[in-house]
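**Student:** Using the hints, position chain S against chain Z.
One-letter residues, chain by chain:
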Amino acid sequence: RKEVEQDPGPFNVPEGATVAFNCTYSNSASQSFFWYRQDCRKEPKLLMSVYSSGNEDGRFTAQLNRASQYISLLIRDSKLSDSATYLCVVRNQGGKLIFGQGTELSVKP
Amino acid sequence: DTGVSQNPRHKITKRGQNVTFRCDPISEHNRLYWYRQTLGQGPEFLTYFQNEAQLEKSRLLSDRFSAERPKGSFSTLEIQRTEQGDSAMYLCASSLVGTTTEAFFGQGTRLTVV
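Sequence order for the protein chains is Z and S. The working numbering numbers the first residue of the first sequence as 1 and each following residue consecutively. The working numbering numbers the first residue of the second sequence as 1 and each following residue consecutively.
Just chain Z, with the same shape it has in the complex:
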């Protein structure tokens, strides 16, 4: 079993749609959680950290459920520029960062 699992997609959605991505992790002692965005042939960049209470940044909302070891990302009012791969990332107690496979999103006009 992979330490961090994501549905690879692709998710093909029209502009303006709401789309949700899910991620599960296996290590219950994991300490912190992130969503990174990766554009084609570019390096990953931080989209947002994920906090236990849930957090929002504009059109993006992240949720963490420690009991279920589950992380989610919700994107509202999708834009063409949101097309990218979204990577779920978990940091363990030693500081190691573990990435999921990534979920590909394609927003169409």
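No wet-lab data here; the hints were simulated from the structure.
Simulated coverage check for chain Z against chain S, where a stretch passes if three residues somewhere in it have a Cβ under 8 Å from a Cβ of chain S:
#1 42-48
#2 93-107
Computed list of lysine to any residue pairs in SDA-like fashion (alpha-carbon distance at most 25 Å, straight line):
#3 Z/K79 x S/G40
#4 Z/K96 x S/E28
#5 Z/K79 x S/Q41
#6 Z/K45 x S/H29
#7 Z/K96 x S/L55
#8 Z/K45 x S/E44
Don't be surprised by glycine CBs; every beta carbon is placed ideally from N, CA and C.
**Tutor:** Just chain S now, kept in the frame of chain Z:
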């Protein structure tokens, strides 16, 4: 440019040759990570350092892979006796110590083994 720097950006090598990649992290960052990424996959963990200490090396890595960070600043990743399956993007990232700190990535070194 004060971001993470990786050299070279591209490397083409013949099977069986050794290659070495360099990563210069953001100057005050004490954690440094190496990942390998192939098409359609997320970054696969290889190893990471805190200052000069190598804290973990992936069990998936063969003994042909070695990494160093001798002075706690830049790091090198060496692959000996390259194989075609080593062809991938090798990514380096750095961060400060701390559970919530962001890791910043370099642009990667794309290795092609022919």
